[in-house]
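Enquirer: For reference, the chains in residue letters:
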Amino acid sequence: MPDSSFAIRLIDIHKSFGAQAVLRGVDLDIERGATTVICGESGQGKSVLLKHILGLITPDRGRVLVEGQEINRLRGASLNQLRTRFGVLFQGVALFDSMTVFDNIALPLRERSRLSEPEVNDKVEKSLQMMDLWGSAEKFPGQLSGGMKKRVGLARALQLEPDILLFDEPTTGLDPVKSHDVYQLFFATQKRLGYTSVIVSHDIPKIFNLADKIAILHEGQVRACMAPAELQRSRDPFVRDFIIRVMGRAYQSSYESDSD
Amino acid sequence: MGLNYKVDYREFEALFEGLQKLGSLGLGSLESMGRSALFLCFTIRGIFLPPFKLQPVLRQIKVIGSGSFLVIVFTGAFVGMVLGLQGYYTLSKYGSSSALGAAVALSLIRELGPVLTALMVIGRTGSAMCAELGIMRISEQIDALDCMAINPYRYLVAPKLLAGLLSIPLLTAVFNVVGVFGGYMVGVVLLHGNGGAYMASMRASVAAIDLKMCFVKAVCFAFLLVWICAEHGFWVNRRSWGFGAEGVSRATTSAVVVSSVSVLVADYVITSFML
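Sequence lines, in order, name chains W and U. By the working numbering, the letter at position 175 of the first sequence is numbered 175, and the numbering carries on one by one without gaps. By the working numbering, the letter at position 36 of the second sequence is numbered 36, and the numbering carries on one by one without gaps.
Simulated from the structure, these hints should not be mistaken for lab results. For every residue, glycine included, the Cβ atom is placed at its ideal position computed from N, Cα and C. There may be inaccurate statements among the hints.
[Claimed, not checked] With a cut-off of at most 25 Å between alpha-carbon atoms, the simulated BS3-like pairs for lysine-lysine come out as follows:
hint : chain 1 : residue 1 : chain 2 : residue 2
1    : W       : K191      : W       : K206
2    : U       : K62       : W       : K139
3    : U       : K53       : W       : K123
[As the list claims (entries may be wrong)] Reference listing, derived: stretches of chain W covered by chain U, where coverage requires no fewer than 3 residues with Cβ under 8 Å from a Cβ of chain U:
hint : stretch
4    : 77-85
5    : 91-97
6    : 108-122
The following block holds chain W by itself, in its conformation from the complex:
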């Protein structure tokens, strides 16, 4: 019987590309309905881990369980059925550059739902309004700013009302105001739809306020996975060092004064 409190379970994942071992035994459980942030320095395999969850990469060893099903063993219709429960916002957004914003958002509905064209139009128009993209419907991705592209990507990812939403560096390349807007939008939709979200980010400390759990990936392993408050109180030297390095001395002094 799969444990129903976890939407995703990564068990002893190993992955190498040629001689380079990227993941060396990753174990991570992602709680249903919660926001889990995977952080770590660049080149630690965060995006590779996300692609394992999506079934785009097969691990050399280990198992990836999504909703109790081993995604790499699924084929055809059952894999498609599982994937319709995913929404993904890629690092580069991956919008279809030969399609307008409207068509990009409408694509999952036209291809994966039985909605009629007027129903699709209605739903897409609502999304455009919600994402504050009204007036950009007929533009092409190349004509949009970075923040607008992210919002289009988020709108597209939400069209099929997914149970699990995966974000790969959602605020990379955005200024602090736009990053804030993207996070606000993301949490507003999560509150409404209640999806499980996995965010790969190094947008620390901003992400600390928004995450339920933070997993730190280092040298191909998850070195810590806990709530932000626990992480801040942790006495593990690695975690302390990581927190101090990414959050600076200001955090260190508050930590020390707390512990005194």
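Using the hints provided, position chain U relative to the given structure of chain W.
Expert: Below, chain U alone, put in the same frame as chain W:
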């Protein structure tokens, strides 16, 4: 008394390295062939997967068919004209300029029409097809389709294959007709040959088997060029030439070269079977 040989294994290092490279090359080629064959199987399967939509096929017909129409008309006209010119002077030497129509029509229908149409479409559309899919791959658009549970073979490649199979035989027919008229313009209008003889010799010599061969070649070439060009772009990340803009540019060059050579090889094979 024992034999006392000292084996210096360093002498064999070069040999082992050579064998290793050979093995790696062989495995790489096998992998590449397998991937290519699977790509074709998945694409053909994609044609029969629902939802069936006509619009993507029509859009591709517009790109491959209508987009190449003018190029094919120009190429067909000038190839027909040069055949008319060369044929007229060569046949005149033997007093058989009345056979010009037959010479032009048979050259076009049996060989030049299907081959040159395919080569022009490779240059114009095959390269674009490869670059488009390659860019989609490196910018994660194909991964995004996978994640949305939209089969990329059905959505991206199958319409291209169907459009190619429909458009290229029609473009070949256009090439032939325009070429025959090009030959007529030079042989009859410009060089004052006999127009009646031109048409009569053409009608007398062109048989159903010639048209059949032309059609079979056009369909096979369409199949080959879409398969090779689309596969090169679709799996640009799986090749040794790397990821990114350079990878796409090298994939496009390779797609044009490999598909052009394949068309010429297939032309010989089909001709040898059908003659």
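Enquirer: If you count the residues of the stretch 108-122 of chain W with a beta-carbon closer than 8 Å to a beta-carbon of chain U, do you get 3 or more?
Expert: With 3 residues in contact (Cβ-Cβ under 8 Å with chain U), the coverage given for the stretch 108-122 of chain W holds.
Enquirer: Within a Cα-Cα threshold of 25 Å, do K53 of chain U and K123 of chain W meet the stated pairing?
Expert: holds (21 Å)
Enquirer: Just to make sure I understand the rule, a stretch counts as covered if three or more of its residues have a C-beta closer than 8 Å to a C-beta of the chain. Does the stretch 77-85 of chain W meet that for chain U?
Expert: holds (count 5)
Enquirer: Taking 25 Å as the top limit, are the C-alpha atoms of K191 of chain W and K206 of chain W close enough?
Expert: holds (18 Å)
Enquirer: Next pair to validate is K62 of chain U with K139 of chain W; report whether the Cα-Cα distance is within 25 Å.
Expert: Roughly 22 Å separates the two Cα atoms, so the pair holds.
Enquirer: Taking beta carbons only, do three or more residues of the stretch 91-97 of chain W come closer than 8 Å to chain U?
Expert: That given contact holds, which follows from 6 residues of the stretch 91-97 of chain W lying within Cβ reach (below 8 Å) of chain U.
In summary, this structure violates none of the numbered hints.
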